[in-house]
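Student: The listed protein sequences correspond, in order, to chains W and H. Per numbering that gives the first Met the number 0, the first sequence starts with residue 0, numbered consecutively. Per numbering that gives the first Met the number 0, the second sequence starts with residue 0, numbered consecutively.
Possibly wrong hints are sitting among the right ones.
The list cannot tell twin chains apart, which means a pair is met if one copy fits it or any two copies do.
Capping the alpha-carbon separation at 30 Å, the derived lysine-lysine pairs in BS3-like fashion look like this [claimed, not checked]:
| no. | residue 1 | residue 2 |
| --- | --- | --- |
| 1 | 64 | 323 |
| 2 | 8 | 78 |
| 3 | 133 | 78 |
| 4 | 254 | 78 |
| 5 | 8 | 254 |
| 6 | 93 | 133 |
| 7 | 254 | 64 |
| 8 | 403 | 225 |
| 9 | 225 | 133 |
| 10 | 8 | 449 |
| 11 | 254 | 305 |
I should point out that these hints are in silico values taken from the structure, not numbers from a laboratory. Since the structure is predicted, the reported quantities are computational estimates derived from the model, not experimental observations.
2 protein chains.
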Amino acid sequence: MVNPETASKILLDESEMPTQWYNIVADLPVPPPPALHPMTHEPAGPEDFAPLFPMALIEQEVSTKRYIDIPGGVLDVYKLWRPSPLYRARRLEKLLDTPAKIYYKYEGVSPSGSHKTNTSVPQAYYNHQEGITKLTTETGAGQWGSALAFATAQYGMECEVWQVAASHRAKPYRRTMMEIWGASVHASPSELTEFGRQLLAENPDHPGSLGIAISEAVSEAVADPKTRYALGSVLNHVLLHQTIIGEEALLQLAKVGDVPDVLVGCTGGGSNFGGLAFPFLREKLAGKMNPTIRCVEPAACPSLTKGEYRYDFGDTAGLTPLMKMHTLGHDFVPEPIHAGGLRYHGMSPLVSHIYDQGLVEAISIPQTECFAGAIQFARAEGIVPAPEPTHAIAAAVREALAAKEAGEERVILTALCGHGHLDLASYETYLAGTMTDLDLSDDAIAEAMKSVPVLG
Amino acid sequence: MVNPETASKILLDESEMPTQWYNIVADLPVPPPPALHPMTHEPAGPEDFAPLFPMALIEQEVSTKRYIDIPGGVLDVYKLWRPSPLYRARRLEKLLDTPAKIYYKYEGVSPSGSHKTNTSVPQAYYNHQEGITKLTTETGAGQWGSALAFATAQYGMECEVWQVAASHRAKPYRRTMMEIWGASVHASPSELTEFGRQLLAENPDHPGSLGIAISEAVSEAVADPKTRYALGSVLNHVLLHQTIIGEEALLQLAKVGDVPDVLVGCTGGGSNFGGLAFPFLREKLAGKMNPTIRCVEPAACPSLTKGEYRYDFGDTAGLTPLMKMHTLGHDFVPEPIHAGGLRYHGMSPLVSHIYDQGLVEAISIPQTECFAGAIQFARAEGIVPAPEPTHAIAAAVREALAAKEAGEERVILTALCGHGHLDLASYETYLAGTMTDLDLSDDAIAEAMKSVPVLG
Chain W
0 MVNPETASKI LLDESEMPTQ WYNIVADLPV PPPPALHPMT HEPAGPEDFA
50 PLFPMALIEQ EVSTKRYIDI PGGVLDVYKL WRPSPLYRAR RLEKLLDTPA
100 KIYYKYEGVS PSGSHKTNTS VPQAYYNHQE GITKLTTETG AGQWGSALAF
150 ATAQYGMECE VWQVAASHRA KPYRRTMMEI WGASVHASPS ELTEFGRQLL
200 AENPDHPGSL GIAISEAVSE AVADPKTRYA LGSVLNHVLL HQTIIGEEAL
250 LQLAKVGDVP DVLVGCTGGG SNFGGLAFPF LREKLAGKMN PTIRCVEPAA
300 CPSLTKGEYR YDFGDTAGLT PLMKMHTLGH DFVPEPIHAG GLRYHGMSPL
350 VSHIYDQGLV EAISIPQTEC FAGAIQFARA EGIVPAPEPT HAIAAAVREA
400 LAAKEAGEER VILTALCGHG HLDLASYETY LAGTMTDLDL SDDAIAEAMK
450 SVPVLG
Chain H
0 MVNPETASKI LLDESEMPTQ WYNIVADLPV PPPPALHPMT HEPAGPEDFA
50 PLFPMALIEQ EVSTKRYIDI PGGVLDVYKL WRPSPLYRAR RLEKLLDTPA
100 KIYYKYEGVS PSGSHKTNTS VPQAYYNHQE GITKLTTETG AGQWGSALAF
150 ATAQYGMECE VWQVAASHRA KPYRRTMMEI WGASVHASPS ELTEFGRQLL
200 AENPDHPGSL GIAISEAVSE AVADPKTRYA LGSVLNHVLL HQTIIGEEAL
250 LQLAKVGDVP DVLVGCTGGG SNFGGLAFPF LREKLAGKMN PTIRCVEPAA
300 CPSLTKGEYR YDFGDTAGLT PLMKMHTLGH DFVPEPIHAG GLRYHGMSPL
350 VSHIYDQGLV EAISIPQTEC FAGAIQFARA EGIVPAPEPT HAIAAAVREA
400 LAAKEAGEER VILTALCGHG HLDLASYETY LAGTMTDLDL SDDAIAEAMK
450 SVPVLG
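Next comes chain W alone, as it looks inside the complex (with noise of 0.2 Å):
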């Protein structure tokens, strides 16, 4: 049994995960607005997606019903490492000598070591019972390639994955990696797609960008049918396959007896911080618990604090269906901060509704001050986080300080989406002194919006 006084760990038994992802549009007082066409700009019907995604996940990508049964064939892969663990992070408590109690979610467990294998097994899963043979992908520093790697690796499908040109050269790491589990991995620009020999032509050593990989990568999916398509985060069917994190969370904090006063989770395209708060803003919604919500985003990228709630496109070349979603103009290019995941100019279309709607709110944290609570962080509790979750590390070093202020004893809960064992080059820079933060004028944001096209 769990002992709520002495515990560093929640466990749960595999005969105690969750069994359903939940879906919070069920749930919100307004619906979010839909997707539009790009060239109509009609709301966009299932057609529009089937090129790209098998039907069961386009279902899931529109559907209104509260809870999606999990697969049994997804749950057996699940159970290599989930449930996940929850944490009091004792140590860093009494470090910050805090009145509060700070609990973490570990999701650096899964084999790829970061929240991305909760969708990616899934992915790849209903790809599988459709027929499809291969998917396709983008990945930047390669924590989303791995996680697809890992997936298609237990359903015998093939993986193509196109690595930013930059990252490829720079992380033979990850790519590796990726290569263990049976992938094949391009540098992007490629000479495998017309648009990639097209840039190549003009520069043979160009540095790639995502917006060219996810272009890549898509061609090639519409280009054969046994192949389709897979994205990371931002979708709606993304996020839902991320509440398990926040589902089985509710059942660890329920073995303690807490409820959380606060609720913090780091913010790229948004799938860590809907997998960690949705099932809590659930129980929020319906009056059982008020926890104050909290997006925490970098400085150098902050696409709720700073960009617009308006229709733009999901990439850089303008390709996707329009989504309404807080964004800096999908033109931004990001300050190339270490947090490579949070390096999005737009935010999930879901997590934008509800923080228009005033369910959570949102602050950003330029990037030094994430790796000095990262450090505070490792040398307390060991693990050493990865780039992204240093921001809702910092963000909960500050909450547990301002509980020391108020005097209070605060429960917080944060998600620690990932571990930082091919990131390790950061902090390198961070020790040296030379890490930087990347500031961000007002005026480089408002050019940048001038890419978010104006609807009739």
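Position chain H relative to chain W; hints supplied.
Tutor: Only chain H this time, still in chain W's reference frame:
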């Protein structure tokens, strides 16, 4: 509750964590031979170890007590990752189409990613209790150095690590990991010691060796009364601390009602193997089970299968007490295989004695077979193993295929003592097809055996 029919992971709650280490010396039919003073060749006494280790560890080194209590201050830190999970490798079993059940105890969940923290934490604890404020050590690839850096951070101690210069240059990320936890890391040979200065004067680009790094760490420790030295394997007290692995595994297997028919563990210095195997050997000696227990060593460094059972030095320079162990000669320089943690000329005296008594078996496996097994494992089970436990995995695969051949449902137990997140370059070499098996000639061994002293 654990369901034996479906469980992938068998977990223990913190309240079920063992609170005692097991000392196999108490149960051996014949006591192991003592260490000898390097000069007098008389049995070494506590005073010979006192400049290096705190009294509590020296007492454990020579103890004949069956069980030794784990201090509360150690259990508190263990709880950050212990109890560690026991996995049933169902997906690997299916891939191999074997009737065997494969269980593996996973130690990669520790902050530094291997079993080494099981001993670095108590070593730091006991030193701290005796007023020591700094520990020194050597490290090659960095597994042990990072385990000690983590442990000293937990007790507010300083940590100074001499890392073999070649590794210091080739693997900067392990160094960064140690620095995150607050350790000072020096390339060895260094300008900080007399011995290091001497070697650098001869060759400014000296690549270093473990033997040299040990000499530097030891000389720094003996020069300061508040500083001691810490060793990560080989010695009795180190193996003692690792027995928590096997004690947990016994409890976990009991939950699913299984008893091992065969236990395989990789051996370098012997601490991972001893940690898993000794509690099971106790049960075997007591007639409660009858597993075959097998050491697995690299074909390029086969101290048990090709070395001799003789008194030899633990280090290359011949400064340590003489220990009776299976040795290839302290002058033996193993080939640069990828499993850096298994490149040791000797074997723990305790494992050597038990092997000599016929209580355990030993085999050696070449590294390409090990990596082939690791790739199968990673694709089926997700986790990417460190190069050292690929030997244990390859042996488990051999056993599973033998069980298939025999048509028998054998229960196989092994330990996955660490993840390979910081060893992906090894996999890159394997996947590129450029890894070779480094054959070892009998002549090379005979030559190195000449360095073993002939006792009067």
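Student: Each hint: holds or not?
Tutor: Against the structure, the hints:
Within a single copy, residue 64 and residue 323 get their C-alpha atoms as close as 21 Å, which meets the 30 Å cut-off; across copies the closest is 69 Å, which misses it. Taking the closest pair of Cα atoms, residue 8 and residue 78 come within 30 Å of each other both inside a single copy (18 Å) and across two copies (7 Å). With identical chains, the CA atoms of residue 133 and residue 78 are at most 30 Å apart within one copy only, with a shortest distance of 24 Å there and 42 Å across copies. Taking the shortest Cα distances, residue 254 and residue 78 sit within 30 Å of each other both inside one copy (20 Å) and across copies (17 Å).
When the C-alpha separation of residue 8 and residue 254 is checked against a cutoff of 30 Å, the pair qualifies both within a copy, at 11 Å, and between copies, at 20 Å. Proximity of residue 93 and residue 133 under a CA criterion of 30 Å is satisfied inter-copy only: 22 Å between copies versus 49 Å inside one chain copy. For a Cα distance limit of 30 Å, the shortest separation of residue 254 from residue 64 inside one copy, 28 Å, qualifies, whereas the shortest one across copies, 38 Å, does not. In this assembly of identical chains, residue 403 and residue 225 lie within 30 Å of each other by CA distance neither inside one copy nor across copies; the values are 57 Å within and 35 Å between.
Proximity of residue 225 to residue 133 under the C-alpha cut-off of 30 Å is restricted to the intra-copy arrangement: shortest distance 7 Å within a copy versus 61 Å between copies. Proximity of residue 8 and residue 449 under a CA criterion of 30 Å is satisfied in neither setting, with 48 Å inside one chain copy and 52 Å between copies. In this assembly of identical chains, residue 254 and residue 305 lie within 30 Å of each other by CA distance neither inside one copy nor across copies; the values are 39 Å within and 54 Å between.
Figure legend: structure checked against the earlier numbered hints; hints not met, in rising order: 8, 10 and 11.
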